[in-house]
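Asks: Now for the letters of each chain:
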Amino acid sequence: MINFNMILIASFLFPLLSGVLLFAIKEQADRKVTFAYTGLSLVITGVLNMILLFADSAEVKLITLMNGIDIVFRLDTLGKYFMGIVSLVWILAGFFSYTYMKHEKNEKRYFAYYLIVFGVLNGLGAAGNLITMYAFYEFMTLSSFPLVLHNQKKESVMAALKYLFYSFFGAYMALFGLFFMCRYCRTLDFIPGGVIDQVAMSGHETLVLVCICLMIMGFSVKAGMFPLHAWLPAAHPVAPAPASAALSGIIVKGGVLAILRVIFYIAGPEIIRGTFIQYLLLTLSLVTVFMGSMLAYREKVLKKRLAYSTVSQLSYILFGIALLNPAGLTGSLLHMAAHAFIKCALFLSAGAIIFNTGCTRVDELRGIGKKMPGVIWGYTIVSLGLIGIPPTGGFISKWYLASGALSSGIKGFSYAGPIVLLISALLTAGYLLPVTINGFFPGDDYDYENHKTIKTSFYMIMPIIVLAILSVLIGMFPNGLTEFIGSITGEIFNTGF
Amino acid sequence: MIIYLLPITVLFPILASVLIPVVPIKSRRGITWFIEAIVIVNSILVWYLLWGSPDQSFTLFKFTGNLSVTFHIDGMATVFAGLVSFLWPLATFYSFEYMKHEEHERVFFMFYTMTYGVTLGIAMSSNIFSMYFFYELLTIVTTPLVIHTLKKEAVDAARKYIYYSMGGAAFAFIGMVFIILYGTTADFTYGGVLAGGTFARNINVLYLIYVFSFMGFGVKAAIWPVCGWLPKAGVAPTPVTALLHAVAVVKSGAFAVMRLTYYCFGADLLRGSWAQYTVMAFSIFTIVYGCSMAVKERHLKRRLAYSTVSNLSYILFGVTIMTPLGLVGALAHLVAHAFMKITSFFCAGAIMYKTGRNYVYELDGFGRKMPKTFAIFTVSAFALMGVPGLAGFISKYNLAIAAVYSDNVLAYIGVGALLCSAILTAIYMFTIIIRAFFPRDDFDYETIKDVEDPNYIMILPLTIFVIVIFILGLHPQPLLDMFVKIAVGNL
Amino acid sequence: MEIMRNFPCISIILCMCSAIVSSALPGKWARRLNVTIVLAVITLSGGTLVYSLAKGYETVYKMGRFPAPWGNEIRFGVLEAIMALFFSGILLLSVLGGSKKLKEDIDNFKENLYFVLLDLLLSSLLALIYTNDLFTAYVFVEICTIAACGLIMASERGRAIEAATRYMIYAQIGSGLLLFGLCILYDITGHLLMSNIKTQVIILASSGQYHIPLVISIVFIGTGLAIKSALFPFHAWLPDSYGYSPVPSAAILSSLVSKGYIFLLLKIFYRVFGLNIIQESHLFNILLIFGLAGMIFGSVSAILEQDIRRMIAFSSVAQIGYIYMGFGMGIRSGMVAAVFHIISHAASKSLLFISSAGLTDASGKNKTFKDLTGAAYRNKIAGAAFTTGALSMVGVPLFSGFISKLLFAKAAFETNAMTMVATLVCLAISTILNAVYFLKTVARIYTPATTEYETIRFKDNIPFGVACILFIILNLILGLASDPLVEFINRGLMMFS
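Those sequence lines, one after another, are chains A, B and C. Just so you know, we're using my numbering here: the first sequence kicks off at 4 and counts up by one. Just so you know, we're using my numbering here: the second sequence kicks off at 3 and counts up by one. Just so you know, we're using my numbering here: the third sequence kicks off at 2 and counts up by one.
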């Protein structure tokens, strides 16, 4: 009999402690030792997470801070789902770092924080009540900002500060709501369908709704929703590429997870349905979808373009959530996974390009496909996925999103939603594919004389290819995943799916 | 017999400190041991006293018919006296190292130790007159500490300090006379002494007098618009800024406001009145004002002082909620802030002592050179921001919950102010931390190669404080249980 | 026991006789005689106090046993005895403290004249305190004025003469008004003895006859005495005459002479008109307003002052404002507070004057603050004394000023809401202002100086040191054991009405 409770604790405590331990270890002459240590820790954590996927339930009360504030970890389906995505992406991006970090300073610090953030993310996924989640949400911000400012250039430090202050602003907005939830909820534990105390709430409906709205808006800062998205395009590009990949693929999902928890596990969809919160969220997410795509389209620096793309894609997820129906939620959750893999792969490709050629701008990438075919093939596959071409993961998630919107029956949005998604998909094609096209077909005036193929390191190419394959697999064989997601939506909406 | 410890703990440091300048001990080491012995002995006496917590009161002397200086131990007294007696020996220990390069050491320590007794006097006063008496005395004995360096700015700061404090006392005086005249009893009584009293006149007069005396005692608790003295007083030696202007003096103000609100006027009498809204509005404004000024300020100690301004108003905000929960929150923040702020001040002091640098922009790269100091500083900064798991989160949580349950819209806004202040705290603290740990990539560590951590005399108190911050953050329940008992009048 | 009823009369006559004798004595002997006489007066006043307390009601003593309206009466109770006791005591201490200074200021061969004036002053003060005859009172007011003038210009230096002239003009206007008032009163009542007038006044008031002349006489008497006691805005003579006269003169003038007039006014309130009639004439309101204004204005002027003596003088304006504020409340407890403040202010103000002389002596006779820096280290006893006086003025517990502040505040709570709030606020503001200038000075004298002046030790001027210590003790006694005194004042006022 495996004690799942212990594993649950270990899954976040182990990487955390091993990261802290890495600080304590003296700088090694051979960077391989550091990396071996990190790699081993990553794999062990990954294995722990995989074991947890098969656990039925696990619940640990770590400590009681004070009466009413317990630090509780409880494994539920949503948490498992999140932890699964996290560990895949984190390990792969971690392996990518091995080669990439060669040309950065302070490697040890990077890997230490990388491990710590992994632990914190696991904790976030496993958090069993609002306060625990809030705590780990804060820790996530605090432990991930050193990744952003890693190269300590002025620009990165400023970006990191921007990241910090936006995140804190959001977190405190959420905290404001949280305080009120203490009064108007039966308990702060996450229970599918919500825990609002109808009796306590009667007479204070507006206050409660405003508080829920503030919590959602607060957490949506991490998810880069308009109008508090400005930190994202600043912070993601300045980090080292694997860190950008992890930030853009996973950390932002922390915000999404928090919103999911608030909407479906604290407030409950029935409370929010039809209120201003739903309309606000729908409107803002659609605005962000469109705006993010437009900004990405206009952006010339590849990593920034990808960051804007993240802004846009995350709001797909939020849009699906805001629909408050099973199909929309399924689409969101699918897109969460698909986007995590795809965006990670995209940033890693960008990192590989920067590492090998030093090019950062899109217009410098002519003929890149000839030089690094493996990387650009991976890039192209995931790009198609993000655009939503069947049979990739992006297609299936967008399909669900669109059908969710159409079946929601919300006046205006049920049609406006799919249209905006479609336009955004076109824009996505417009900003992602030029790299492929110019890369493989540089045109007649390309200087073939000086052309030579660059050999990309295995550690770099492998994660990109694996992620690309994963993104396609989601699209081709979605049944396993949708079934799993079905159990989540089933819990929430009390329907078999 | 334990009853006689009441006056002894107050008078012993005051009388013994007079010996410090004249005691015929030549070596610096000897005199430091002498001072530390006084302080530790007194702290032990205080703990013994609090442990026994005698029921009777002890009247030291009578001024006039119903004005007497009387001591008594109740829950509030236990909290404040316990806090002070815990911090004082450690802070004194720290000062031995810090004061090495200052002049007139003995005079400094004389007043420093004297303040200990006076602060205990405030803590253990059993009626408003005794409290007022020690409150005035506190101003007088702490002024020489502010003026210590005798530089022009120190003299200016001391003047400002004394004008503000005396002015505050003048307004507090009105409230005191009112309570003495119309209270049913002279002693502090939970729930107030006015209910059923003889004041049958216009209730607005009562409210006005409450506002006056709140603002009066609020001067020491640095409420806007009378907070200007606190940042200025930062010119004093760090042990003074850290212990007095983050704990003893300013907390005396907050403590006095608690006594005034809950034990004299009575929270029930004031709840829902315009007086409550007025004082609450002031404290909410101060919360935001202090933080904003801290963000603007470049001088490290002054920045921390402005942060104190803001945090003190957290306490006052808790008081002005005027529910038992509010008092719990206020007491929790009183204790938590004491540890957090003394820690950050002592870190600032260590930096000044080792390098003489005062301004935030001079701290580039210090994190690597003074790792212990800055690790501790970071913990205190996180605690001040309210990161869960540290002391600050617990106290803010209690304050906010009190506000949430108060059904008072202004208090809801106050919660917003708390969080607004938290983000500002993040800004002014993180700009320091990032500078120290992550200087620009072209920063040359050679320029600060002589910078190092201070010795154990400074690190030891800091370590103890950090441990307390963690304990308060992770296992505060016993303390909170006690606060709850106090707040419902059972202790 | 019965012989004690002669004591007031004896003490007045003793003083007058000694004045006459002193004019023929050399300076040294005149001083000794003066000290002896004052000591005798103290003893006699003590006896009177004991007698009055034992008797429990007022004693009427007919001079030469002639009945009214031809005879002249002395009337005394507890309050008169206390006043006489304190006045003579403070006079003694002031002379003691300033004796050395006096020798420097005054030509040797004129020294006896100074003591002649002092004796005259004391006798007139005693007469003002004890007499029951308005005309006698007027005569002694004049004697007092003349003596005071002489005391001011004793040093015969430029500013002093100018100050004396100014004082003379103001005082004469005051006397003139007083005389007018008395004449009108005599005209409408036909009496000069206070008790007889009162009987008539009550009849007049109840019948409504001579209403306007009555009011006018009240106003004239009030204004006349207010001018003489330097109530704001009639204070212009005060700063110069206190600032440039010899120190003992300043101490005596500020603490005794103006207080003698105030006491006379109090007696007229009670003995001649009765509080009700004064209340109807609204004199109290006017006194209150000017008292409050004086509290603020006097302090503000003191803050702006650069000369320590003039600063203390302006502080007197403020303190006289306090006393009139106490009167202006128009209630018993206000009067008690005012009378207590007469005593407490006398004790602190003369202490301040005396000690400031000690400080200036230790600063090369300069009176500006710049030169006073560090003076407390050069003359320790003066520093301690000044600090005591200053703290008392600010109203710090332990010192006499606190008790009077307390009494004023207590009294204020008995008045109507308007008056109460105004009074309390002014009291608080005035305390702040007091703190500003007094504690500024204290800080100044304790700041180590850069310039060197000679140090004055205790044994250099023993009388001064002794006087300072006695004053400090007096202040502490008034601050710590004020209960009996307040009780006596209460009883005295009860006997008044």
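The hints are simulated quantities; they were obtained by calculation from the structure and are not laboratory data. Be careful, since some hints might not be right.
Derived pair list, reagent style DSSO-like, types lysine-lysine, alpha-carbon separation capped at 27 angstroms [to be verified]: (1) B:Lys153 / A:Lys108; (2) C:Lys366 / C:Lys101; (3) C:Lys441 / B:Lys153.
Chain B is nowhere near these chain C residues, computed Cβ spacing over 12 angstroms in every case [claimed, not checked]: (4) Thr37; (5) Arg167; (6) Cys184; (7) Gly191; (8) Ala237; (9) Ala294; (10) Gly396; (11) Ile404; (12) Leu407; (13) Glu415; (14) Asn417; (15) Ala429; (16) Tyr438; (17) Arg458; (18) Asp484; (19) Glu488.
Cβ-Cβ distance ranges computed for the label pairs, FRET-style [to be verified]: (20) A:Lys165 / B:Arg300: 47 to 57 angstroms; (21) A:Ile47 / B:Arg442: 52 to 62 angstroms; (22) C:Val61 / B:Met3: 56 to 66 angstroms.
C-beta atoms are modelled at their ideal positions from N, C-alpha and C, and glycine is treated no differently.
Asks: Taking the closest pair, is the beta carbon of Gly191 of chain C still more than 12 angstroms from chain B?
Replies: For Gly191 of chain C, whose nearest Cβ neighbour in chain B is about 44 angstroms away, the distance exceeds 12 angstroms, so it holds.
Asks: Between Val61 of chain C and Met3 of chain B, does the C-beta distance stay in 56 to 66 angstroms?
Replies: Once the Cβ atoms are compared, 59 angstroms apart, the range 56 to 66 angstroms for Met3 of chain B and Val61 of chain C holds.
Asks: Is the straight-line distance between the alpha-carbon of Lys441 of chain C and that of Lys153 of chain B 27 angstroms or less?
Replies: holds, 15 angstroms
Asks: Is it correct that the beta-carbon of Leu407 of chain C has no partner in chain B closer than or equal to 12 angstroms?
Replies: Label violated. Min Cβ-Cβ 6 angstroms, cutoff 12 angstroms.
Asks: Examine each Cβ of chain B, and state whether all of them lie more than 12 angstroms from the Cβ of Glu488 of chain C.
Replies: violated, 9 angstroms
Asks: Please check whether the beta-carbon of Ala294 of chain C is more than 12 angstroms away from every beta-carbon in chain B.
Replies: Ala294 of chain C clear of chain B: closest Cβ-Cβ about 18 angstroms, beyond 12 angstroms.
Asks: Go ahead and decide if the range 47 to 57 angstroms is satisfied by the Cβ distance of Lys165 of chain A to Arg300 of chain B.
Replies: violated, 21 angstroms
Asks: For Ala429 of chain C, which was marked as not at the interface, is the minimum beta-carbon distance to chain B over 12 angstroms?
Replies: violated, 4 angstroms
Asks: Is the nearest Cβ of chain B still more than 12 angstroms from the Cβ of Arg167 of chain C?
Replies: The assertion about Arg167 of chain C holds, with a minimum of 33 angstroms to chain B.
Asks: When you check the alpha-carbon spacing of Lys366 of chain C and Lys101 of chain C, does it fall within 27 angstroms?
Replies: holds, 14 angstroms
Asks: Taking C-beta pairs only, is Tyr438 of chain C more than 12 angstroms away from all of chain B?
Replies: violated, 10 angstroms
Asks: Per the stated criterion, does the least C-beta distance between Cys184 of chain C and chain B lie above 12 angstroms, as a non-interface residue requires?
Replies: holds, 43 angstroms
Violated hints, in rising order: 1, 10, 11, 12, 13, 14, 15, 16, 18, 19, 20 and 21; the structure is consistent with all others.
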